[in-house]
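Chains as they are written, first to last, in the numbering used here: chain A, 1 to 453; chain B, 454 to 822.
Everything labelled a hint here was simulated from the structure, so no lab data went into it.
Beta carbons are placed, not taken as given, at the ideal position from N, Cα and C, and that holds for glycine.
Any given hint might turn out to be false.
What follows is a set of in silico ranges between Cβ atoms, one per label pair, in the way DEER data are often shown [as the list claims (entries may be wrong)]:
1) A/P343 / B/L501: 46 to 56 Å
2) B/R773 / A/T88: 29 to 39 Å
3) B/A517 / A/D159: 21 to 31 Å
4) A/T88 / B/H804: 17 to 27 Å
5) A/K262 / B/P728: 36 to 46 Å
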Amino acid sequence: MTILKFTVNFPGRGYYGEEPAVPVEVLDADGAVLARTVAIPYDDQKATVDIPENNRVVYAVARLPSGEQQTRRVDIVGKVTEKVDFFTDYTSPNEWLYWSRPQLRINELSAATGSISDQERMWFRLWRWSNRVWQADKANFDHVHRESYAAQFDLKVPDNPCVLQLGSHRVPWRFVALPPGDVQVAIAPNMSTDPRAHPVRVVVGRGMPQEEIFLAYLEKGNFTAAREIADAPRTAEKMLSGKYDNPVSACIGAYFLLRTNKTDFLHDWPRNLFNDFQWLADGAVIYAAQVLKKPKPQVDQADIALRAVFERGLPVFRVGMVMLNECLQLLQGSSFRSKEREPWLSRVERYLVAEAHDGAALSFLGRSPESPDPIPVTGLLDKPRRQNIFRDRDIQRTQDKSARRLSESAGNAGRTPKTARRPRKPALTDGLRTLEAMGEPDPTVFYLPPLKK
Amino acid sequence: MLLIGVGSYPHLGAGEKNLVEEPMGLGQLTSPAPSVGALFEWFRGRTLAPPRQVGYNNPYVPLASIEICCSPREVPCADGANFVVEEATKANIEACFGRWLQRCKQHPGNISVLYFCGHGVMVANHYLLASDFGTDENQPWSSAFDITTTLKALERELAGPIYFFIDACRQIPRALSGKLGANPLALRPADLDKAIVNTSRALYEAAGEGRQAFGPPAEPSRFTTALIQSLSGYAGRKIPGVHRWEVNGDDLANSIRTLLEIYVKQGAKRQILDPAVLEPTTFHVATAQPMVKVALDLLPPPQRANFLLHLKQNGLSKERRDAAGCPLDFEVGSGIYELGAYHKVDQGISHVLEPENLSPPAWSYVFTL
Numbered sequence: 001m002t003i004l005k006f007t008v009n010f011p012g013r014g015y016y017g018e019e020p021a022v023p024v025e026v027l028d029a030d031g032a033v034l035a036r037t038v039a040i041p042y043d044d045q046k047a048t049v050d051i052p053e054n055n056r057v058v059y060a061v062a063r064l065p066s067g068e069q070q071t072r073r074v075d076i077v078g079k080v081t082e083k084v085d086f087f088t089d090y091t092s093p094n095e096w097l098y099w100s101r102p103q104l105r106i107n108e109l110s111a112a113t114g115s116i117s118d119q120e121r122m123w124f125r126l127w128r129w130s131n132r133v134w135q136a137d138k139a140n141f142d143h144v145h146r147e148s149y150a151a152q153f154d155l156k157v158p159d160n161p162c163v164l165q166l167g168s169h170r171v172p173w174r175f176v177a178l179p180p181g182d183v184q185v186a187i188a189p190n191m192s193t194d195p196r197a198h199p200v201r202v203v204v205g206r207g208m209p210q211e212e213i214f215l216a217y218l219e220k221g222n223f224t225a226a227r228e229i230a231d232a233p234r235t236a237e238k239m240l241s242g243k244y245d246n247p248v249s250a251c252i253g254a255y256f257l258l259r260t261n262k263t264d265f266l267h268d269w270p271r272n273l274f275n276d277f278q279w280l281a282d283g284a285v286i287y288a289a290q291v292l293k294k295p296k297p298q299v300d301q302a303d304i305a306l307r308a309v310f311e312r313g314l315p316v317f318r319v320g321m322v323m324l325n326e327c328l329q330l331l332q333g334s335s336f337r338s339k340e341r342e343p344w345l346s347r348v349e350r351y352l353v354a355e356a357h358d359g360a361a362l363s364f365l366g367r368s369p370e371s372p373d374p375i376p377v378t379g380l381l382d383k384p385r386r387q388n389i390f391r392d393r394d395i396q397r398t399q400d401k402s403a404r405r406l407s408e409s410a411g412n413a414g415r416t417p418k419t420a421r422r423p424r425k426p427a428l429t430d431g432l433r434t435l436e437a438m439g440e441p442d443p444t445v446f447y448l449p450p451l452k453k
Numbered sequence: 454m455l456l457i458g459v460g461s462y463p464h465l466g467a468g469e470k471n472l473v474e475e476p477m478g479l480g481q482l483t484s485p486a487p488s489v490g491a492l493f494e495w496f497r498g499r500t501l502a503p504p505r506q507v508g509y510n511n512p513y514v515p516l517a518s519i520e521i522c523c524s525p526r527e528v529p530c531a532d533g534a535n536f537v538v539e540e541a542t543k544a545n546i547e548a549c550f551g552r553w554l555q556r557c558k559q560h561p562g563n564i565s566v567l568y569f570c571g572h573g574v575m576v577a578n579h580y581l582l583a584s585d586f587g588t589d590e591n592q593p594w595s596s597a598f599d600i601t602t603t604l605k606a607l608e609r610e611l612a613g614p615i616y617f618f619i620d621a622c623r624q625i626p627r628a629l630s631g632k633l634g635a636n637p638l639a640l641r642p643a644d645l646d647k648a649i650v651n652t653s654r655a656l657y658e659a660a661g662e663g664r665q666a667f668g669p670p671a672e673p674s675r676f677t678t679a680l681i682q683s684l685s686g687y688a689g690r691k692i693p694g695v696h697r698w699e700v701n702g703d704d705l706a707n708s709i710r711t712l713l714e715i716y717v718k719q720g721a722k723r724q725i726l727d728p729a730v731l732e733p734t735t736f737h738v739a740t741a742q743p744m745v746k747v748a749l750d751l752l753p754p755p756q757r758a759n760f761l762l763h764l765k766q767n768g769l770s771k772e773r774r775d776a777a778g779c780p781l782d783f784e785v786g787s788g789i790y791e792l793g794a795y796h797k798v799d800q801g802i803s804h805v806l807e808p809e810n811l812s813p814p815a816w817s818y819v820f821t822l
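Make the full structure from the sequences, and use the hints.
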């Protein structure tokens, strides 16, 4: 028997001091999985597996949510213990970007073709949910980092929901929900070959790599990996129990438990998350989902929570919007169908149809946070231009027309079909009347700083 | 298992009856019936006399029943043994679904498989169209059903693993755009008084959100072809200690997705698999080692004549190819390999990779010198 110990080199710890963990599979030469475990920094006592003696050589494979993978050949003949290190190489082109390695293939960024140039004039705007409306607000950054292949903003986000809007001549206008607290937002070229992929990726971090890897696997539906790295559901339960210290982490834990139907581990804590954090839409979604999963569902409680979601802005996480849709669809497809929920469902459908599909944070296309729109709009704020999506993103023409209709019906309810078919002028509508359009600098809009020469 | 194929839509484009008010650009399909036939053939492959080398094999959950409805009613089979089934109208689909569900519920270990090939549209949920879509002029959507909510409803009905293979487009049509909220119902409403009992389910959507699924005329669709090819030797991982390869929900997702990408490289229209797998379980147990389609290249091209490409396993040579023939395409059995581009004269400038797990269905690499 040989004991293998695995370590990984990642900075930072979770809220409770957990080290970031990466799932590891130990394979024999035929590719049979002999063991599954995790690689964690430094603490090589936890991340060990015993390999039977009949294997002379085994292969250990570690994967990050970004798709980056490392394989190590391990000769174990005559060895009692063997240490295997992963991701010890420092591949980040910049120290400030290193945290994003689980989400971004940062070692390939500097060679990426779609760099972010100064000519692009990428702009940003922060929106806050205040008094039940979205308002553009001035953003204060702790740090702004910039390279040709990536940019990063470090900022403090208050408790009330915030979304970051960005766009450029090439990048469709997009909103990305930001969690409260110290947040890092990395902007990098998207190296995906998926034709639906947008030119840039926006990765949001909270300085908690363990949670971010966990969340990334949860978002990708890789529950096997999520379970390995987090000793779930116990860790998820622990995250949820600490809701008063860190409600956002509690939501991540609760989403995992709901997704994997480990509802016993939820206890009554989602109710506290819902009642005691009235700025957090995710708490309302989680409570609604929990009461609907009970054998005797409390539909009245679910309705209270679902109504509250719309009063609290938007969920921070994409899984929250998906789960909100599931709750509403479940109720509307049951004997509890109600007309009151129909506008809620329509609203959620609009956000899902306009999804930008980028990571765990909720992100969607559109002109304003309350008007999601599946048709991409590019350009500066005062010069929006509708993108030809069937040309730019290899989408069939019939769908292009259909999607355009969908967005128009969403944004122009009550118009006649004839009017709705007419191409929409790039107007300063939807609450986007900017000072810049009137010749004054808009304090709520900021641009990517130019590259240092 | 339940196989539903809908190719005939009398009230859609080129149909034999009155055109529905909003046909959404949809017409007749010729792939669903051959797709149902091909999948039926694969599932019963090992039950025939003599048994075939490919076909469903799961020692823990053997094949029990196959329920089929299809439009047109005649299902073609490769061996010419065509057969006739019920028309895939909404009422018949509901009846088949009901019978299938009752059988699936009989044992908590049953694997429940639902396959649909036909027209689909979506907003947030995915709606599938039965053959009689449009028969009721006032309520054409009454002959459609919500497969997303159907799956959610089954979480409270079926304890065993659920596999949904949905081979349909997921475009967003204009007819639905003005009717947000007027959604078709699920095949079974969710009974919220029941607890969630299911822990393992897999949904394979043949098209990404807003995208189309494709099929060659009168042949099985691309998704169905990829599914059958995956299950016929291009998916799975070795079970330690025995000569068997388990194919679980994740393996299937990976294999179907990769094979669809290979079809695109061969000239097919782009199609993206959208899988959602929760707690993957063993779906099929292969009795032969899965194969991996290997694509190797070496750049720059003038250097190809100087190198040999070599795959070794456990120190033994498995494949040795002259790089002059690049790009190279060949197949090897799955497993861990050590790969290298070895200079024919000067071993010092060879390019050797760290060990790679060549898992089915495909693996590619470009040696850049």
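Comparing the hints with the structure gives:
1. A/P343 / B/L501: 46 to 56 Å: 55 Å, holds
2. B/R773 / A/T88: 29 to 39 Å: 33 Å, holds
3. B/A517 / A/D159: 21 to 31 Å: 55 Å, violated
4. A/T88 / B/H804: 17 to 27 Å: Given range 17 to 27 Å: holds, Cβ gap about 22 Å.
5. A/K262 / B/P728: 36 to 46 Å: The hint (36 to 46 Å, Cβ to Cβ) is violated, given that A/K262 and B/P728 are roughly 22 Å apart.
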